[in-house]
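Asker: Sequence:
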Amino acid sequence: MENIKNQTIMKQLILVLFAVLLLTACGTKTSKDQNEEAQVITVSILPQRTFVQKIVGDDFEVNLLIPPGSSPAAYTLRPSQLKDIAKSSIWFRIGYIGFEHSWKDKVAEANTDMKVVDLAKGLDLIADQVEQHGDHVHMDGIDPHTWLSPVLVKQMAKTILDEVVQLKPERAETYKANYEQFAATCDSLDQALTTKLDPYKNRKFIVFHPSLSYYAREYHLDQYSLESGGKEPTPSHLKSVVDMANQEDIRVIYIQSEFDREHARVFADEIKGKIIQIWPLDPDWEANLIKITDLLIDNF
Numbered sequence: 001m002e003n004i005k006n007q008t009i010m011k012q013l014i015l016v017l018f019a020v021l022l023l024t025a026c027g028t029k030t031s032k033d034q035n036e037e038a039q040v041i042t043v044s045i046l047p048q049r050t051f052v053q054k055i056v057g058d059d060f061e062v063n064l065l066i067p068p069g070s071s072p073a074a075y076t077l078r079p080s081q082l083k084d085i086a087k088s089s090i091w092f093r094i095g096y097i098g099f100e101h102s103w104k105d106k107v108a109e110a111n112t113d114m115k116v117v118d119l120a121k122g123l124d125l126i127a128d129q130v131e132q133h134g135d136h137v138h139m140d141g142i143d144p145h146t147w148l149s150p151v152l153v154k155q156m157a158k159t160i161l162d163e164v165v166q167l168k169p170e171r172a173e174t175y176k177a178n179y180e181q182f183a184a185t186c187d188s189l190d191q192a193l194t195t196k197l198d199p200y201k202n203r204k205f206i207v208f209h210p211s212l213s214y215y216a217r218e219y220h221l222d223q224y225s226l227e228s229g230g231k232e233p234t235p236s237h238l239k240s241v242v243d244m245a246n247q248e249d250i251r252v253i254y255i256q257s258e259f260d261r262e263h264a265r266v267f268a269d270e271i272k273g274k275i276i277q278i279w280p281l282d283p284d285w286e287a288n289l290i291k292i293t294d295l296l297i298d299n300f
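This note's numbering numbers the first residue of the sequence shown as 1 and each following residue consecutively.
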């Protein structure tokens, strides 16, 4: 009986020891997972993911808030996305898109330790109204489509570099080299677009949504938009753009792929023209800007 009792006690001790080891192992795994989860960067739109990956490579998981095919102006965050936000060390905002304005508080609440960096800060922004108030400037109706200018993207990439070297200082030299390479890509793309578009300075083109404002400013083109202030065109505005198109013999309207082509159908019928879809959010950012440029030139 004594042997049986001793064996029972021994089994119980072994079970207790096993349970302790299991809990310790789980605790160690959780700590490791937390360290791994900290290596996440959140971005708002697809082109930003491209910019970040150009600098950090595969060192970070890049969490995308607005999936392909969704409109940055109206996207609603899914509850399942909050867990990815909770793992992020930093959120790079593109700045001034409707989604970021509507959801910034919810995103911040999901991870109070996450740093929020606005990539539009310090850029030469386009706005509907600019007013000087004492020692600062107040801007209203800021255009968010900064990523369609290679010059501005180069500046945004420098901001990304400055932040990621703080997250992984031991990789600073690699990130700096990657940034220099990407900055050179931005410069060469800017030069290529300048060369392509130089013969077409001050040419007009029409879009449904004003997504090419910075692009147009950079390359001395005139963008006309059917939308005004994010709203569908009024009859009087529609008529004025139709009159301009007929006067300038413009027979094309460009519309983002996130929008229903039918939004532009009435206008296309009025000018006896065609609708061409473009995708400003294409993650193949460099090739996309060349494609948009070639489309414009082909239809000037």
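Be a bit skeptical, because a hint or two may be false.
[Unchecked claim] Quick list of the computed label-pair ranges, beta carbon to beta carbon:
no., residue 1, residue 2, range
1, GLU109, GLU248, 26 to 32 Å
2, LYS201, GLY57, 35 to 41 Å
3, LEU77, LYS204, 36 to 42 Å
4, LEU82, GLN247, 50 to 56 Å
5, THR76, LYS239, 31 to 37 Å
6, ASP105, THR195, 40 to 46 Å
7, ASP187, GLU262, 17 to 23 Å
8, PRO199, ASP128, 49 to 55 Å
Treat the hints as calculated values from the structure; they're not laboratory data. For glycine and all other residues, C-beta sits at the position ideal for the given N, C-alpha and C.
Asker: If a hint holds in the structure, say so; if it does not, say that too.
Answerer: Each hint, compared with the structure:
Between GLU109 and GLU248 the C-beta distance comes to about 49 Å, which lies outside the given range of 26 to 32 Å. Taking the beta carbon of each, LYS201 and GLY57 are about 38 Å apart, inside 35 to 41 Å as hinted. For the pair LEU77 and LYS204, the beta carbons lie near 37 Å from each other, so the given range of 36 to 42 Å is met. At about 51 Å, the CB distance of LEU82 to GLN247 agrees with the hint of 50 to 56 Å.
In this structure the hint that THR76 and LYS239 lie 31 to 37 Å apart at CB holds, the actual value being about 34 Å. Evaluation of the 40 to 46 Å hint for ASP105 and THR195 yields a pass: the beta carbon distance comes to about 45 Å. In this structure, ASP187 and GLU262 break the distance hint of 17 to 23 Å, their C-beta atoms being roughly 40 Å apart. At roughly 30 Å, the beta-carbon separation of PRO199 and ASP128 lies outside the given 49 to 55 Å, and the hint is violated.
Of the numbered hints listed earlier, those contradicted by the structure are 1, 7, 8.
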